[in-house]
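> Chain by chain, the residues:
There are 2 protein chains.
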Amino acid sequence: MKTMNCGCGCSRTDLPWEGRGTKLDISGCRFSLYPMTNDFVSVILGALEKTDTSAVWSQSDALSTVYRGKLSYVADAVRGIFVHAWRSDVHMALEGQFSKGCPGDTDGDSLLGREEPLPNMPGIKDKHFPVLCKLALYPMSTENYIDEIAKVWRMAEEAGLNPVSIHYATRICGDVHAVFDYLESVCRLMEQSVPHYILHFTLSVNSPTNEE
Amino acid sequence: MKTMNCGCGCSRTDLPWEGRGTKLDISGCRFSLYPMTNDFVSVILGALEKTDTSAVWSQSDALSTVYRGKLSYVADAVRGIFVHAWRSDVHMALEGQFSKGCPGDTDGDSLLGREEPLPNMPGIKDKHFPVLCKLALYPMSTENYIDEIAKVWRMAEEAGLNPVSIHYATRICGDVHAVFDYLESVCRLMEQSVPHYILHFTLSVNSPTNEE
Chain V
1 MKTMNCGCGC SRTDLPWEGR GTKLDISGCR FSLYPMTNDF VSVILGALEK TDTSAVWSQS
61 DALSTVYRGK LSYVADAVRG IFVHAWRSDV HMALEGQFSK GCPGDTDGDS LLGREEPLPN
121 MPGIKDKHFP VLCKLALYPM STENYIDEIA KVWRMAEEAG LNPVSIHYAT RICGDVHAVF
181 DYLESVCRLM EQSVPHYILH FTLSVNSPTN EE
Chain D
1001 MKTMNCGCGC SRTDLPWEGR GTKLDISGCR FSLYPMTNDF VSVILGALEK TDTSAVWSQS
1061 DALSTVYRGK LSYVADAVRG IFVHAWRSDV HMALEGQFSK GCPGDTDGDS LLGREEPLPN
1121 MPGIKDKHFP VLCKLALYPM STENYIDEIA KVWRMAEEAG LNPVSIHYAT RICGDVHAVF
1181 DYLESVCRLM EQSVPHYILH FTLSVNSPTN EE
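From first to last, the protein sequence lines stand for chains V and D. Counting in my numbering, the first sequence runs from 1 upward without gaps. Counting in my numbering, the second sequence runs from 1001 upward without gaps.
Careful, some of the hints might be misleading.
As the list claims (entries may be wrong) - Simulated restraints, written as ranges between beta carbons of each label pair:
id, chain 1, residue 1, chain 2, residue 2, range
1, D, LYS1151, V, GLY123, 42 to 48 Å
2, V, LYS23, D, ASP1126, 49 to 55 Å
3, D, GLY1046, V, ALA62, 44 to 50 Å
4, D, ALA1159, V, ASN210, 26 to 32 Å
5, D, ASP1181, V, ASN162, 36 to 42 Å
6, V, LYS127, D, SER1060, 28 to 34 Å
As the list claims (entries may be wrong) - Which bits of chain D does chain V cover? Going by a derived footprint, with three or more residues having C-beta under 8 Å, they are:
id, region
7, 1034-1044
8, 1078-1088
It should be emphasised that the hints constitute simulated quantities derived from the structure, not laboratory data. Glycine residues also receive a C-beta, built at the ideal position from the N, C-alpha and C atoms.
Generate coordinates for the entire structure from the input sequences, incorporating the hints supplied.
The following block contains the structure:
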């Protein structure tokens, strides 16, 4: 059968896509780490080694890595790899997309049985550094997507993340944990509000660009 | 007035967002270049210097750059900077999002009077190198977004870009110009098909990861 991709764009195996989708509680995050250094391989591999991915389903290719499972564990693993990859003297970006509810998703490629505490948080919660972030939220299958965005903007204000509008995205900034807490809370709100969402985000640390 | 951001997420200056939007032919691309080398600043600045941005409205911050104007010129400028930034020995990624039609967009921050030939194409059309690409398309304000995706998938097949489905995205690969031609043709189809779309894409060159 032909494997196709939906706009969001998860796996589909038929055309048209009928009878697909999952009722399981599967969230996912596809992300890429970009350390702007000659040592980018060791930065990435070192971070991977320190990150506990036992609570998520994981797959990597030349472009990115995807974690799938319960949202709290997916978010914990992405936060873990980002904090572990951080170096005080390296400009680095992480590009990612959280998503849940694609009508073409499947029950497979996930890990949902985990019940234990978050495996990465204890090792990273005391590391703090400032993060610049841009994000763009896409609530799908709803005409009122603007209303959902409004809620999320207010959440950023309430979290003290100083949201600023830029064309095609919103910028926020704050401590790494405040930013990750916010991204996860946006996902929580979306999974209660819309059948399908995608939250694209980019994190940046140690940028040499001075902004006034 | 408070500046806010829609999901897609362009600028809004009121809440709720009424009476906004533009009927002008403004497409945009927000993107970031990530050269994985100690020389990342000179790679980026060198590429900026060689790229003719006279046909687009442009703005940069610490996270990304945005070009706005007629689609052909926006796409020409992004292609220009990517080709100019390419070095045979540097692993580099470009993360971007093409978009048009956000209901909260404005008439401003654009350049639409240009009629001349594409300014960057003559200087880059004979440079060729293979590119890996992942993309995710979000046709907004339509319930049938899956149908739009199906068309776009077939276009990738017809263009010989070997589309492969991965969770939350589609992968394609090909010569840099074939990939950019395809991205632009997806935008052309979307602007005829839906009132508002966003096309997220990531380009990668010279990855050290071997895939079987």
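> Are the hints correct? Go through all of them and say.
Evaluated hints:
1. Between D/LYS1151 and V/GLY123 the C-beta distance comes to about 46 Å, which sits within the given range of 42 to 48 Å.
2. The supplied range of 49 to 55 Å is met by V/LYS23 and D/ASP1126, whose beta-carbon atoms lie about 52 Å from each other.
3. A C-beta distance of roughly 25 Å is found between D/GLY1046 and V/ALA62, which places it outside the suggested range of 44 to 50 Å.
4. The supplied range of 26 to 32 Å is broken by D/ALA1159 and V/ASN210, whose beta-carbon atoms lie about 42 Å from each other.
5. In this structure, D/ASP1181 and V/ASN162 meet the distance hint of 36 to 42 Å, their C-beta atoms being roughly 39 Å apart.
6. Checked against the hint of 28 to 34 Å, the C-beta distance between V/LYS127 and D/SER1060 comes to roughly 29 Å, which is consistent with it.
7. A count of 7 residues in the region 1034-1044 of chain D with a Cβ less than 8 Å from any Cβ of chain V is obtained; the coverage claim is therefore met, three being the minimum.
8. Note: the region 1078-1088 of chain D has 0 residues with beta-carbon separation from chain V under 8 Å; the three-residue rule is not met and the coverage is violated.
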